[in-house]
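Number of protein chains: 2
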Amino acid sequence: MGIMDTSVPFRGEAMPLNKRYHTPNMERLAKQGMKFTNAYAQPVCTPTRTSLLTGMNTARTHITNWTSPNKNEPTDAKDEQFGPLNWNINGLSNTPQTENTVYATTFPQLLKNAGYYTIHVGKAHWGSMGTPGSNPYNLGFMVNIAGHSAGHPQSYLSEQRYGNLPGKAQAQAVPDLQEYYNTGTFLTEALTLEAKKAMETPIARKEPFYLNLAHYAVHVPLMADKRFVQRYYDAGLDSAEARYASMIEGMDKSLGDIMDFLKAKGIAENTIIVFMSDNGGLDAHGRGGPVNTHNYPFRSGKGSVYEGGIREPMLVKWPGVTKPQSTNANPVIIDDFFPTILDWAGIRNNKTIQKLDGISLVPTLKNPAVKLTERPLVFHYPNKWTNEKEKDEQLLGINYYSALRYGQWKLIYRMRNQELELYDLSKDISEKNNLAAANPAETKKLAGILGKTLKERGAQMPVASSTSKPVPFPDEVTIR
Amino acid sequence: MGIMDTSVPFRGEAMPLNKRYHTPNMERLAKQGMKFTNAYAQPVCTPTRTSLLTGMNTARTHITNWTSPNKNEPTDAKDEQFGPLNWNINGLSNTPQTENTVYATTFPQLLKNAGYYTIHVGKAHWGSMGTPGSNPYNLGFMVNIAGHSAGHPQSYLSEQRYGNLPGKAQAQAVPDLQEYYNTGTFLTEALTLEAKKAMETPIARKEPFYLNLAHYAVHVPLMADKRFVQRYYDAGLDSAEARYASMIEGMDKSLGDIMDFLKAKGIAENTIIVFMSDNGGLDAHGRGGPVNTHNYPFRSGKGSVYEGGIREPMLVKWPGVTKPQSTNANPVIIDDFFPTILDWAGIRNNKTIQKLDGISLVPTLKNPAVKLTERPLVFHYPNKWTNEKEKDEQLLGINYYSALRYGQWKLIYRMRNQELELYDLSKDISEKNNLAAANPAETKKLAGILGKTLKERGAQMPVASSTSKPVPFPDEVTIR
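From first to last, the protein sequence lines stand for chains A and B.
Residue numbering for the first sequence follows UniProt numbering, beginning at 1 and increasing consecutively.
Residue numbering for the second sequence follows UniProt numbering, beginning at 1 and increasing consecutively.
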């Protein structure tokens, strides 16, 4: 889901896409809490999801692309310029020396250790089959419903048993939902019902709990959520766009149901709600309409280091603390969730295997006027997501890119030709005007920060097949 | 698993089958606890499993045959004499008015309500897909691993992903075990590892817990547990028998691992262990060797109301209460588990939807010399399990039978021809000498008890296709 896939305007005034989508419950949450207008994830899902659980930036996890459900199976598209990168293709692990994984402590484990009742419902996609990370129980969750190694559902439809039709099931068939087979329950709804059911236990026991409700929607396959799709056909959307919009609204309905549930249980005022996505909105790749329009005014979409691929619709309701209907413009990133959540839970001086890259957002949640220390937010994608036309690859910022958000600035590093681009997001939210040539000093400074940060975090760079040499870090290239 | 599928002699002296099987951990449990030599289940699994959870006899649940994973799909073989029976083919439900189910309160739900941490691992098989009973979360469990609507695994092998091979998976593919795919972990071992993992949480939190570890072994498909199979080939067993024996030993290893785990955690002396099976040992139907030998000296096996089909290897270790290496000869039945477990947990005056048929075994566990009140133990199978030859059907006591255990006596009611058989189990454990003709008074008395009990419990009887009349209850037939 992207930042524009909602009727909540994250860009100040309502834009055309805000009018297209209907997310009344996100509006409700925004009214009750704080809207982050500069919140970031990574360009695709697994890197974001593993950074969420570990507090590490992807440059450090070496999980820079989505992981296959199959162990030791790289997901990068074949490339003529670069050879295969030896990244952590099996994802995250709680067990040392699991091949091709990052070994780290997860915050759900720390919450669990502290007495929280930890529930995962929905998409997990933290590790490949045959490794511990495929099982949420190994990552600190006490309850897991429907989470496994796959990143999308084989089907959203109960009539197709969410993929589990005899002789048809693939690795993406969604587990644990037999109760709903052939009941007409869309996957999003089934997950919501299961989440509510799972919360009953800690609520009845007056135990603190953490629910990780990770909807499969709006990932492909784009399938109509029939409860909502007609509205979008009526509005003139094409089939793909209507299906996509219906999936957004189904997900939003889930948010509302959870909010209603918390209220009915009398714990709404004692429960923090965070809304976040794990990559930008899908652009092209099955969407209807022209390319580079689906996150307008943001450039590109999922897979890209341009804003459309990484900027997210983040909302936080911290009852009694976040001011209703407030806005926070601090640049924040998924790496920040780990320390923030532990901070909320009062878990201090915890020991983690890994070094954290995120910072706690508690001070700025308490007061959005508190400016977070200026710091590099790093996006690193030394991988090949899709086979794009050369022209589109560059237009969309997809495959072999790093990027830096630093204050008002955005630096893009294209590894293919080792070019740098510079954008002033305070004036150019659409990243149209590359200022690198006009402002070589700022470009050089930012390239230095990005290069240094990537090296500190042990980032991997792609290796040219012709020379067997890695691409230089961005601080090592000539400013053209 | 049958009563003879173990090296623990449940018949006093060791019999040939006790020498065939190797179950050192059952021996260890028997040494530490109490062996029940007259413990009963129903002839097939779902009836037993649903009686376990509800405390109701199958005559009352109307779950008298195994349930299909598919909703509203009867599993009875077609018959010329009798039409289809309208039994609860979708199993057990926690929700009223679920079609073709019995609506009841489960003891795990009552344990959960009382603060127990309730875990299910392995075979569930309590309800069909598309109904609440397919999901152990609806039956009182907080954690479910690998349990769903199917009664057997598609595969025991990690190399076959326990059935989840792309394009090959059927309804019996085992969920939730992706972590073990292609690791060489036999299903029994994977379930054991998951059970230990799940127990860590309540142990760390010092919460009381209930673990329902329900191995899929030794259900078909009979697949070699490679850790143990060679011993049985070396002993000269044929392939089917060697595979079966290896699955028994793998299951026994699991018991030992759980016992070791409890000891290592320091809670062995504060944890009750119950070992039980859900039907008699499989006889014929894929087993090697001649029919009617697999539970020797007991007659027949799974599917039958003769002793080989219903008598089980039950062991209970109640630390500090059950005398080590003690034996209890009281006839007991799976219906008794519900009140016994609640008694153990100190849960009194609980409200259940259903009327219970079982009684608490606590008094006789405390002192095996305490004789339980003489009472009818009822086995009711107004269904057709398999297409047997007419001769074998009668020899084996399979299809359309009821039976009564009452004191030393066993009454068999064959619905096909409305014949009664009487056996004195104190002298004739193999049910070879039918005393009905020689002892019509006892036969009549027992037929009266069985008929009365069946009627009290609202038992269903098969309906003859030719006359549309139900088979008379056993107290209504002429003693021949």
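Simulated from the structure, these hints should not be mistaken for laboratory data.
Wrong hints could be hidden among the right ones.
A pair holds if it fits inside one copy or across any two, identical chains being indistinguishable in the list.
Each computed DSS-like pair below joins lysine-lysine, with the alpha-carbon atoms no more than 25 Å apart [claimed, not checked]:
| hint | residue 1 | residue 2 |
| --- | --- | --- |
| 1 | LYS19 | LYS31 |
| 2 | LYS445 | LYS389 |
| 3 | LYS226 | LYS366 |
| 4 | LYS31 | LYS263 |
| 5 | LYS265 | LYS351 |
| 6 | LYS265 | LYS197 |
| 7 | LYS263 | LYS366 |
| 8 | LYS445 | LYS427 |
| 9 | LYS31 | LYS389 |
| 10 | LYS197 | LYS391 |
| 11 | LYS197 | LYS351 |
| 12 | LYS323 | LYS371 |
| 13 | LYS31 | LYS371 |
| 14 | LYS206 | LYS226 |
Hints, verified against the model:
Within a single copy, LYS19 and LYS31 get their C-alpha atoms as close as 17 Å, which meets the 25 Å cut-off; across copies the closest is 73 Å, which misses it. For the identical chains of this complex, LYS445 and LYS389 are neighbours neither inside a copy (31 Å) nor across copies (88 Å), given an alpha-carbon limit of 25 Å. For the identical chains of this complex, LYS226 and LYS366 are neighbours neither inside a copy (40 Å) nor across copies (60 Å), given an alpha-carbon limit of 25 Å. With identical chains, the CA atoms of LYS31 and LYS263 are at most 25 Å apart within one copy only, with a shortest distance of 16 Å there and 54 Å across copies.
Only between protomers do LYS265 and LYS351 lie at most 25 Å apart by alpha-carbon distance; the minimum there is 24 Å, versus 34 Å within a single protomer. When the C-alpha separation of LYS265 and LYS197 is checked against a cutoff of 25 Å, the pair qualifies only within one copy, where the shortest distance is 12 Å, while the shortest distance between copies is 31 Å. Taking the closest pair of Cα atoms, LYS263 and LYS366 come within 25 Å of each other only inside a single copy of the chain (23 Å); across copies the shortest separation is 48 Å, beyond that limit. In this homomeric assembly, LYS445 and LYS427 come within 25 Å of each other (Cα to Cα) only inside a single copy, at 20 Å, whereas the closest approach across copies is 96 Å.
Neither within a single protomer nor between protomers do LYS31 and LYS389 lie at most 25 Å apart by alpha-carbon distance, with minima of 42 Å and 73 Å respectively. For a Cα distance limit of 25 Å, the shortest separation of LYS197 from LYS391 qualifies neither inside one copy, at 49 Å, nor across copies, at 51 Å. For the homomeric pair LYS197 and LYS351, the shortest alpha-carbon distance between copies (21 Å) is at most 25 Å, but the shortest distance inside one copy (32 Å) is not. Within a single copy, LYS323 and LYS371 get their C-alpha atoms as close as 16 Å, which meets the 25 Å cut-off; across copies the closest is 70 Å, which misses it.
Taking the shortest Cα distances, LYS31 and LYS371 sit within 25 Å of each other inside one copy (22 Å), while across copies they are farther apart (69 Å). Proximity of LYS206 and LYS226 under a CA criterion of 25 Å is satisfied in neither setting, with 37 Å inside one chain copy and 46 Å between copies.
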